[in-house]
Amino acid sequence: MKTITTFGLLVLVLSMTFGGVINNVYAEDDPAILLKIAKRAQDQIHNQISDNSSDKVKGLFEEGAQKVIVLEEALKNNDYVSAKEYFLSAMKIFKEISQHLTTSDGSFNVESQPASKTTRDTSKDPSNDLQRLQVYVDSLKTIAKRYDAVIDFSELDTLFVKARQEINDNQFTQAIETIDTIKETITELNTNLREAASHQESKRATEYAQKYLEQLDRLIENAKKQGVSDEIIEKLETAKENLSSAENPSDIIQEIRKIMSIKDQFELTKNDRLESRVLQIEKTLLRLSQMDGVEQDDLADARYMLQRIKQNLNDGEFETVNELLRDLAKQLEEIKKSL
Amino acid sequence: MNPIIVPIHRKEILVEDGMLFVRTDGILETMVKAPLIIAGLIVVALTMPVQFSFSSTRMLDLTLYSDGSAHISTQIDVDPLEPDFEVNLFGPSIDNFVVVGENGFLLSSEIIGDKATIDTLGSSSVTIDYDIHDLISKDGRFWTFSLDSPITYSVLMPPNSIIVGMDALPSSMDVVNDQIKLELGTGLSEINYIFSAPTISATPSNITEQPIIDVSTIALIGVPIVAAIAGAIIVIKRKQTKFLPVLQTEETPRLQIENDSIETTLNEINFSEAETIFNFRPEMREDDKEIIKFISNNGGQALESELRKKFLQPRTTMWRAVKRLERQGVIEISKKDLQNLIKLKKDLEDEE
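Going down the list, the sequences are from chains H and P. For the first sequence, this note's numbering assigns the number 1 to the initial residue and increments by one for each residue that follows. For the second sequence, this note's numbering assigns the number 340 to the initial residue and increments by one for each residue that follows.
Treat the hints loosely; a few may be bogus.
Lysine-lysine pairs mimicking BS3-like chemistry, simulated, CA-CA at most 30 Å apart [claimed, not checked]:
| hint | chain 1 | residue 1 | chain 2 | residue 2 |
| --- | --- | --- | --- | --- |
| 1 | H | Lys258 | H | Lys283 |
| 2 | H | Lys141 | P | Lys454 |
| 3 | H | Lys84 | H | Lys56 |
| 4 | H | Lys337 | P | Lys682 |
| 5 | H | Lys283 | P | Lys662 |
Derived DEER-like restraints, expressed as beta-carbon distance ranges [stated by the list, open to error]:
| hint | chain 1 | residue 1 | chain 2 | residue 2 | range |
| --- | --- | --- | --- | --- | --- |
| 6 | H | Tyr147 | P | Ser644 | 44 to 52 Å |
| 7 | H | Glu72 | P | Pro489 | 30 to 38 Å |
| 8 | H | Glu317 | P | Pro621 | 27 to 35 Å |
| 9 | P | Arg654 | H | Asp298 | 24 to 32 Å |
| 10 | P | Asp487 | H | Tyr304 | 30 to 38 Å |
Taking beta-carbon pairs under 8 Å as the criterion, some of the chain H residues facing chain P (in silico) [stated by the list, open to error]:
| hint | residue |
| --- | --- |
| 11 | Ile33 |
| 12 | Gln134 |
| 13 | Arg146 |
Don't read these hints as lab results, they were simulated from the structure. C-beta atoms are modelled at their ideal positions from N, C-alpha and C, and glycine is treated no differently.
Input sequences plus hints: build the corresponding full structure.
This is the structure:
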């Protein structure tokens, strides 16, 4: 039995340890794509080189092409270390050639670039501006929806259609004017949206201050137990009063910054990590309680556990808090999975 | 001869001419308690997620435009105890900056230089979107994108761009609507590109290949799995429980239900639905359109894991894409066997 337990524990440790590594495994290199990129670059460079190109360019190209060949060989032999080296060398050479070709007037074969004109004209073509603004407006629409804000985007939508049409018709000057109008309209809408958001922000700030006050109570209680000087306790009490009376978000932030400064000054930050975890867990619990299909008994258990955690934080039982937090996190994860 | 072990705590006084015998073959067992080490490792393993949980970038996606600008979308975990959070932007030339908290609420922010101070007010994660003009430089026809990234990130190259130089090794590559999308690692990376005629004729399916996984990777993943399976078999055999029949009986109807529902949906949704969605949402991102096409071709529904596999996207990137499409009202997300099932919405008008 002891052997099985030890074995089980070993497996658990291995899987948890390597669990972290598996994320990195995703980021491990996929050598096959190196060849694709290198070959594409090679083909492109090859198209650009003409008989008029300098011997240096031609020589470099031969060198680069050779690197691609050995890269392919290395990949066939599963020699990924060499493959990576060859890839980087090849790309370095192609970069050098490309730089040389694009800055050297005589050696660049313009005829081999039939579609380059369209991309060269981007300073006049405002497509990208329009694209970026569309992404931005999409974000604003999503936010407006989140606030149930009555904001009329129809004018903007019409302007986007108009600008798109103007770009399609190569009427770039008109399109730029329309885009300017879009920008002005966005500024107005943004103001309306910020107004709609400000009420919610005040509410969130007050809720956050309330949570922070709870945490501050625990901190003061612990500080008293640990025999922290009356002067520091008094400072914390004053800061607490100031925070309680703060109303708007900027005042709340300012007061909390002052409290943090006191905590830093007197080295009272050692429980902050646990407090942050408590806040996170509390948020998860709140989210779950707003979801359908969650067993009320499970939520009640979780809430009871959270109360125990806070009580233990009050009592300065930090190891117990750590354990309970971990248990509660697991419990909440189970609830999430059961949905 | 049996050696005598003299425990230290006995503190027996040895006779002056005596000899101390120490049994060396069991010294490790005597001195080091294996369960203690394992318990220690467990504690280390358990505390790892806690250590990395605050103020860390979770996701970073870049879209490069052909005029040398770029769109950045990033998700950062922040400390919920902090009232605000200062984030380093990738440059000072910022446009269209939007930051939302975990609930999708707009957060106030102030940008000074290449730093933004965000009033998080207890949020534990923020999603930041902005356009930037500092990442790409141009020399003649030669463009250079450069980024020093704190995490693995994805970059969608501009249409018709051809990479002609790079000093970093991409971990994956995909083609999204004729645009190359690369996954790059942490640290400084530089990509040089030029614009050309559209030369990419290959479809995503034939461009994207199965990644070549080296032996060490297989070993790294395989060994713990094999060990776990072996352990499980031993435990099961010893306990002689009846878990297997239970699993089998549960599995059959589940698969049956799944097949039935897929068949039903296939009949209900035809392939032109993707076009309807694109007409409904003309502003939809090109990579999102690819996702819609795939779901449509898959009978109108797909598991999120299938999408990740198809588009070779990290979990967070795909989740953001899916959530984006949900917000646009073109898909709905439901749970199926603990997995996210993504379905195309039939009634698009409702979301308008």
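Right, here's what the structure says about each hint:
1. H:Lys258 x H:Lys283: The hint holds at about 25 Å.
2. H:Lys141 x P:Lys454: Between lysine 141 of chain H and lysine 454 of chain P the Cα gap is close to 26 Å, so the pair holds against 30 Å.
3. H:Lys84 x H:Lys56: 25 Å, holds
4. H:Lys337 x P:Lys682: The given pair, whose Cα atoms are some 20 Å apart, holds under the 30 Å limit.
5. H:Lys283 x P:Lys662: 20 Å, holds
6. H:Tyr147 x P:Ser644: 44 to 52 Å: The hint (44 to 52 Å, Cβ to Cβ) is violated, given that tyrosine 147 of chain H and serine 644 of chain P are roughly 33 Å apart.
7. H:Glu72 x P:Pro489: 30 to 38 Å: 34 Å, holds
8. H:Glu317 x P:Pro621: 27 to 35 Å: With Cβ atoms ~59 Å apart, the hint is violated.
9. P:Arg654 x H:Asp298: 24 to 32 Å: Holds - the Cβ-Cβ distance for arginine 654 of chain P and aspartate 298 of chain H, about 26 Å, lies within 24 to 32 Å.
10. P:Asp487 x H:Tyr304: 30 to 38 Å: 47 Å, violated
11. Ile33: 4 Å, holds
12. Gln134: 5 Å, holds
13. Arg146: Because about 4 Å separates arginine 146 of chain H from the closest Cβ in chain P, which is inside the 8 Å limit, the hint holds.
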